[in-house]
Amino acid sequence: MEELDKRAIICVDDEAIILLSLKQELKTHFRDKFLVETALNADVAFKVIEKLEKSGFKIIIIISDWLMPGMRGDEFLIKINEKYPEIIEILITGQADEQSIKNLIEKINLQHVIRKPWYPNEIINIIEKLLSKVVE
Amino acid sequence: MISKITKYSIFFIFCLNFFAFSEEKIIISGIYNFSPLVFYEKGEAKGLFVDILNYIAKKENWKVQYKFGTWAECYENLQNNEIQILPCIAYSDERAKIFDFTNEYLFLDWGLIYRKKGSEISNIFELSNKKISALKGSIYTKDLKNILEQFGINATIIEKSEYKEVLDSISKGETEAGVCTNVYGSILESDYAVERTEIIFAPTKIRFAVKKDTNSELLTTLDKYFASLKHNQNSIYYEKYREWLEIKTTSKIYQWLTWAFIVLLIVSLILSIFVLMLRLIVKQRTKALAEANKFLKESEQKFRDTFEQAAVGLAHVGIDGKWLRVNQKLCDIVGYSKEELLKLTFQDITYKDDLEIDLEFVNKMLQDEIETYTLEKRYIRKDRSIVWINLTVSMTFDDTNKRYFIAVIEDISDRKKAEFEIKELNEDLEEKVIERTSELEITNEELEATNEELIASNEELIFTNDSLEKTLKELKETQEYLIESEKMVALGQLIAGIAHEINTPLGAIISSNNNQNIVLNDVINKLSNIFLYITDKQKTIFFDLLEKSLKIKYNFSETNWEYKNILIEKLDSFNIKNSMIIADNICDIGIEFDVETYLPLFENKYGEEIIQLIYEIVSSKKANKIIEEASNKAKKVIDALKIYLYKDLKENKIEYDVVSGMETVLTLFYNKTKHGVEVIRNFNTVKKILCYPDKINQVWINIINNALQAMDYKGTLEINIYEKDSHVFVEISNNGQVISNDIKDKIFQPFFTTKKQGEGTGLGLNIVKRVVDEHNGDIEFNSTKEKTTFKVIL
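Chains W and G, in that order, give the protein sequences. Heads up: the first sequence is residues 3 to 138, going by the numbering used here. Heads up: the second sequence is residues 30 to 823, going by the numbering used here.
A portion of the hints provided could be inaccurate.
[To be verified] Capping the alpha-carbon separation at 25 Å, the derived lysine-lysine pairs in BS3-like fashion look like this: (1) G:LYS703 <-> W:LYS49; (2) G:LYS96 <-> G:LYS241; (3) G:LYS577 <-> W:LYS56; (4) W:LYS8 <-> G:LYS593; (5) G:LYS566 <-> G:LYS577; (6) G:LYS593 <-> W:LYS60; (7) W:LYS49 <-> G:LYS599; (8) G:LYS650 <-> W:LYS35; (9) W:LYS60 <-> W:LYS85; (10) W:LYS53 <-> G:LYS593.
[What the hints assert, rightly or not] If we take Cβ atoms under 7 Å as the criterion, some of the chain G residues that face chain W in the derived model are: (11) HIS529; (12) ASN589; (13) TRP590; (14) MET609; (15) SER648.
Hints were generated in silico from the structure; no laboratory data involved. Glycine included, every Cβ here is placed at the ideal spot set by N, Cα and C.
Let the sequences and hints guide you as you build the complete structure.
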């Protein structure tokens, strides 16, 4: 496996079924292009990032839920943005609090908000687009 | 032995007695100046009585000590036991009450009045209005006072303590007369400018005296001696008598004169007593007459006063009707003067209508048919006005046996006036009754009319009532609607959270379903291809692992990084590409620890593909599981919503389990509570209650909603459900903001809210209260710093 291919996507959600679905979906689509890792909350996510980096992985995308026990999604993404500005952030939420989303978009240049339930290929398409931009 | 001692004792006592008798007995005697019987001269007691006492004392072996004083002092000393004996004291019954006297007397004395030399006082009546000096406490002084009183003679007695002073005051003109005794006077009189009058009185026997009930032995001894001394003409008594008194009575003629005088004295005494008695009788009779006279006068006066001052009119009237005697009151009643009235007859002043009946009575009385009569009639006053009177008449006889009437006339104008007024009032009342009756008849007609109106308005009221009932029904419906709309408001607030709760499983379902479709197609293709190339061993391992994998129970767990790393290293040692992905797949399949089984796969080609294939098959199964779980989750929320939105259209209450109801409500709130609110459930199994479940759920929702808002969705929400005394208790507590005292009374009022406009309807707790009331339950709340609790009792 080439070093360049050692890329990872991290999914953060407090609902296990979401994490499992997401991982399956991403793994099925991207196969060995990415390592897909999951975390039930922000704290675990930070640990996963740390481990992956140690193992020489580059984290390209973080997909995070909005409402989570402990650190909330928006707060988590702001911190990630501060620490790893190159990581692309995608917010996935079941709640439509437009004002909060607007605020977050302004704050961390968030461009991708996926609302639950997402359509088939919705996430895949977004990621594909993002990846093509990165390649360019 | 004993008798011997007794004998000696008796002898001894006898000796003592003998000794005592042989000793001098001391007797203290009073002495005062009453020469020549007793007197004190140059420190020595002298006189007839002293000589006799000394004589007896010598015989009896007494020692007499004399204590000098005035007569009054001696008298007092004897009373106070200062002296044992007083010689020379006149006997009187009064004194006998406090003193005991000797039976025998040694001298006879009497009182006599002295006048100033040249004065004309010669009989007792001439003492009238005179000043008389006399010895204080002397028996003569007392006697004189009695005599003067008996004779009604008014004189002033000036008391002195010595006879010398008595005579001195006469000679100095201080008094006009004085009392002295015959014997002492004869000694003193030559020293003063006084002379004897013929007034003598109170012959007295001079004796010895001791205090009553004391020294009786002494008295007995003295009497014994006196008797024998008086009996023997040659005794020391007569010797001393002559010696002390013969200054004046040297001859026997004088002695005779003395006796003659005594006889005279007694005769005059008897005479004076006789005179005295006569005077007394006269005085008494005069007094009785005077009293009778006075009584008559008083009676006459009383009668006159009674007649004159009586509060009623009184009159004596002749049988011809002439006023004979009238009193002032009568004059006042009829307004005539006494003189004017006495010239008239009663007929003259009687009101003509009343005269006839009065005369009838008079005739009857004159014919002895009646003894008395009473009549109310009118008099014409002098000023021609009429006065009503009550007349009572009786008849009597005068001195000359002439008949006349006694009339009592009482003014009754006031009473008559009052009677008249009452009569008038009565008549007036009767008129008024008639008047009122007719008025009442009118009123009655009016009332009947009003009644009809009332019936009409009652009908109107019934109509109004109907419409009110209708309105009430409408209001009730409105209330129902309000509850319903409140429910919708709560739902609106919850809907965002509920959407999330549904969107999340939906997301998982859609994603998994799509994935499953892709995977299944892929798996079928791969299976047919790969089985053409892989070894039999690999085939065996494939089925082995697949069988194991499918048996693994779906369980989400975090990645075991340590083991994953070890696995990656092992795979790397086989020079396997994509060790990372393969390790991840192995972990996802859940067979990571079964290294010995799956490692041989990589001895040949297609090991990675075989693992991928197993992963996909397992994924497909997992997707199914996710869909199932997500569907259940979504169903639970939908169910809760369904329960919440359910409206029982039936009127009847149904059985409801508070615990499961509460769980449903908490499901709806799950999204609001899961981040930051610790929900403590203390749920006990409780009996099912009959209620309208949708309404009761609304109660829980409203209370919990308020609780969460009060603690800003952070803190502890504690819910206790328990059964006590066959009631179900639900306590919902939060540790948020306190309900301040000033709004405690208002929180159940409709449209009261502390929330910003638009955030709350202000109906939440009001609905809670109404629903609880509707279920005959009770709601209480208590708010402290620690926590606010709403307690619902059903």
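### Task
Give me the numbers of the hints this structure contradicts, sorted from smallest to largest.
As far as the earlier hints go, 3 and 12 are violated by this structure, in ascending order.
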